[in-house]
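So the sequences go chain by chain: A and B.
Its first residue numbered 0, the first sequence is counted upward by one per residue in numbering that gives the first Met the number 0.
Its first residue numbered 0, the second sequence is counted upward by one per residue in numbering that gives the first Met the number 0.
Careful: at least some of the hints might be erroneous.
Identical copies look the same in the list; a pair holds intra-copy or inter-copy alike.
[Claimed, not checked] Derived lysine-lysine pairs resembling DSSO-like cross-links, with alpha carbons at most 30 Å apart:
| # | residue 1 | residue 2 |
| --- | --- | --- |
| 1 | Lys33 | Lys124 |
| 2 | Lys84 | Lys33 |
| 3 | Lys95 | Lys84 |
| 4 | Lys377 | Lys127 |
| 5 | Lys9 | Lys298 |
| 6 | Lys145 | Lys95 |
| 7 | Lys458 | Lys104 |
| 8 | Lys337 | Lys131 |
| 9 | Lys332 | Lys458 |
| 10 | Lys44 | Lys185 |
| 11 | Lys308 | Lys127 |
Because the hints were derived from the structure by calculation, they are not lab data.
Protein chains: 2
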Amino acid sequence: MQITREKWSKNFSEWFDWVLREGEFYDYGRYPVKGMGVWMPYGFKLRQNIISIIRNLLDSTGHEEVLFPLLIPEDLLSRESTHIKGFEEEVFWVTKGGSEDLDVKLALRPTSEVAITTMENLWLKSYKQLPKKYYQIVSVFRYETKATRPMIRLREITTFKEAHTVHETYDDAQRQVEEAIEIYKKIFNNLAIPYVLSERPEWDRFAGALHTYAFDTIMPDGKVMQIGTVHHLGQNFSRALDFKIQKKDGSLDYPHQTSYGISDRAIASVIAIHGDDHGPILPPSVAPIKVVVVPIPAKNEEGTQQVMKYSIEICEMLNKNNITCVTDQDTEKTPGEKFYIWEIKGVPIRLEIGPRELASSTVFIKRRDNLKSYTVKKEEVVNKVKEVLNEIQEDLRKRAWESLKSRIEYANDIEKAKNILENNSGIVEVPWCGSKECGLKIEELTNARVLGYPIEDRKVNDKCVICKMNAKTVLRVAKTY
Amino acid sequence: MQITREKWSKNFSEWFDWVLREGEFYDYGRYPVKGMGVWMPYGFKLRQNIISIIRNLLDSTGHEEVLFPLLIPEDLLSRESTHIKGFEEEVFWVTKGGSEDLDVKLALRPTSEVAITTMENLWLKSYKQLPKKYYQIVSVFRYETKATRPMIRLREITTFKEAHTVHETYDDAQRQVEEAIEIYKKIFNNLAIPYVLSERPEWDRFAGALHTYAFDTIMPDGKVMQIGTVHHLGQNFSRALDFKIQKKDGSLDYPHQTSYGISDRAIASVIAIHGDDHGPILPPSVAPIKVVVVPIPAKNEEGTQQVMKYSIEICEMLNKNNITCVTDQDTEKTPGEKFYIWEIKGVPIRLEIGPRELASSTVFIKRRDNLKSYTVKKEEVVNKVKEVLNEIQEDLRKRAWESLKSRIEYANDIEKAKNILENNSGIVEVPWCGSKECGLKIEELTNARVLGYPIEDRKVNDKCVICKMNAKTVLRVAKTY
């Protein structure tokens, strides 16, 4: 085995489909509804581990988990006018119950702002109850007309972690936006996913938001994928739903809200970003299986059985130390076939245990990420595995960050920007005057999408690539998913 | 406070609605879609604790968790003819995406047999892969035309734990049915929910099943509620979906399947069954908060502050020992008002800590279930609380079982059976010849529903209440939810 990244980066779509199916993460394209896939047992465990990280971070920052109905009546969804315009063409509608027509069409939730604000209006009366932070982990639905892709562009997004918060003032909501951004940074760090944080331009905000802040990452093929968004909703939804609270000064007013969400794409990026031609390399923080033991047969049956016994013993030792380990006990496959399977599953460490290891009471440890190996004494294996898992986690994070950074370029010329995007993809930053007109022109001329600008208004001593006025900041442009 | 159970048993519906809303479990009847409620943070935690118990039991018996799409195309749902007949009048249909009409109507899953069998057909090829046991925890939907009730009769059942298994032979599937029954017994024991296990009669089986076994419990008002079902599906679904596997003898044949499920009703019964007029009494095994500390103010501010400090110290001690404890630090409410709130939330133990306890370094422990109290030294509080929690768990279980058993009566006369059901409700067992005709007649004459018969064919030396032929077994009849 060698580290190669040809297939992974050049034929990423194919690689990704292959990994999801062969690695038994997610069966896509075979369930008879377009854009909806099936989480298989192994993928489901990865999904659960990622959900746990997010849940723990949200719980520990005072978010309370709730669960709202799937269905939103049409009249409710239409209350906030920008919101419904943003979603109406991509909503699935329930119109029948049994053979009866329903009086009111019911939407499969595309997102839950109006549903949640409806109940907040009943639950929250006073500033004393604020700030209030709710979240839920649910399926959301989008009638995508573009080509769908597993985990990335779906009609059923099965793992939407959406938070919704309520505050007395605009500034309180802004502070919540900052908290949300910090939480998301922690989540992505934990998943070893590098990101670029931008404020989305006014023409690409969440429907109904005052500000949208987005985390984007770069996929192996150089295309950019949005992996998390944070919205300052201001009073748009509270006003539309006539939701008022009593303020500290005794007056009644509409509270300020935020919402933020992370979808299945967080899982897609964990699988995609740390890969090579043999499959993904799952960060130990979320890998369902951290160590696989592949027993190497001996020359005779008795020796093989002793190797198996020793393998199981080592694996149990690791499990007892909370390092999830599995011994591949299949007797029909060769070690090589087993290596292949566990590589597609992205298990970060493989132990190869054969007659030599048995005889010397040692264990051969192989890292999935850089192919380094170590032979250690049986009694050192737990500590060494722990150490190697930590190193892998850190190295994956570093490598991914370096790769991301190397794919961000600056161009003060629109043709140059266009060329970079066409040849190397990634993200191009161009100097920009700040106007919508120039922003849209940049999108048109580069045939790419504007991600937005750095939240810490980054000054550039340059001219806008379109109007040649003094640039206010850089605008980020990319080919996106 | 006295133990009274008037309101709880005589006005159960009202009691239940009041507890769900005031106890902040589940907001029902205010969300603008009929039959769909909102899990509030406290109720959500209870729901999670119950899910954890079920998940652990399923995981530890080799069930693998998966997640299937919500939507099932009409043609797929119609493949098993009995199945679609059983569900077609109560399916919600998605017919539109944006403003387009869909080519094929899509059902919101009422249950997932056909969806899961479709993928099993792709995943499972050989007897070597069997038995295979999948499960998922999802929302299922029923367009109920009867009056809906919170958690009990819903249009969105949010917490359906459905398992689906595949086996080589009929007998293997039957053994799986038995395993499922044992798992469900453990689940209900853990929740301190007593049950009656019956095989449903042929006219009340799950649509598409060969056999349906059901767990029923008796609610405080004497009405019976189904809380879990286990189905032997035979080859009905594998045949309908042309799902074959290679058997040990090399031949290709349809495998045998089972499915079993537990819904939100398990949660409803945990809240309902152990109640009294002050609210529910949650079994410690699932209570989100096991101990609440209510500080009793002193005569002066400084004393009150010291009591608060001592209260928090005790609570932290419990939390450190993995006993979830909360100190009610509200300074505007009286202790009496606080007692009221925590009783509606069903917290099993209350600690009252005032100047006297502070002065003597003691803690006053009050049991929610039988009002017994204990004063113990600070250093004994952790052990005493653990002991009392165990006692409460055991006592709740015992009391509930005694109550259930006292509500099962035998009647060898149809008039007597009818009278019992009209006056005392509960379950009546009548001798029965085994014929469908007589069974349906029993339902008609008692104006109640047949639950079925004991799975261990219980012989009775008596005559069928309808045809006067020798009875084969008893048939259970009840007013049901």
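Hints, one by one, checked against the model:
Taking the shortest Cα distances, Lys33 and Lys124 sit within 30 Å of each other only across copies (25 Å), while inside one copy they are farther apart (43 Å). Taking the shortest Cα distances, Lys84 and Lys33 sit within 30 Å of each other both inside one copy (24 Å) and across copies (26 Å). For the identical chains of this complex, Lys95 and Lys84 are neighbours both inside a copy (24 Å) and across copies (17 Å), given an alpha-carbon limit of 30 Å. Taking the shortest Cα distances, Lys377 and Lys127 never come within 30 Å of each other, neither inside one copy (59 Å) nor across copies (34 Å).
In this homomeric assembly, Lys9 and Lys298 never come within 30 Å of each other (Cα to Cα): the closest approach is 42 Å inside a single copy and 76 Å across copies. For the identical chains of this complex, Lys145 and Lys95 are neighbours both inside a copy (26 Å) and across copies (17 Å), given an alpha-carbon limit of 30 Å. Within a single copy, Lys458 and Lys104 get their C-alpha atoms no closer than 49 Å, and across copies no closer than 54 Å, so neither meets the 30 Å cut-off. When the C-alpha separation of Lys337 and Lys131 is checked against a cutoff of 30 Å, the pair qualifies only between copies, where the shortest distance is 22 Å, while the shortest distance within a copy is 50 Å.
For the identical chains of this complex, Lys332 and Lys458 are neighbours neither inside a copy (60 Å) nor across copies (54 Å), given an alpha-carbon limit of 30 Å. When the C-alpha separation of Lys44 and Lys185 is checked against a cutoff of 30 Å, the pair qualifies both within a copy, at 21 Å, and between copies, at 24 Å. In this assembly of identical chains, Lys308 and Lys127 lie within 30 Å of each other by CA distance solely across copies; the values are 23 Å between and 62 Å within a copy.
Consistency with the previously given hints fails for numbers 4, 5, 7 and 9, ordered from lowest to highest.
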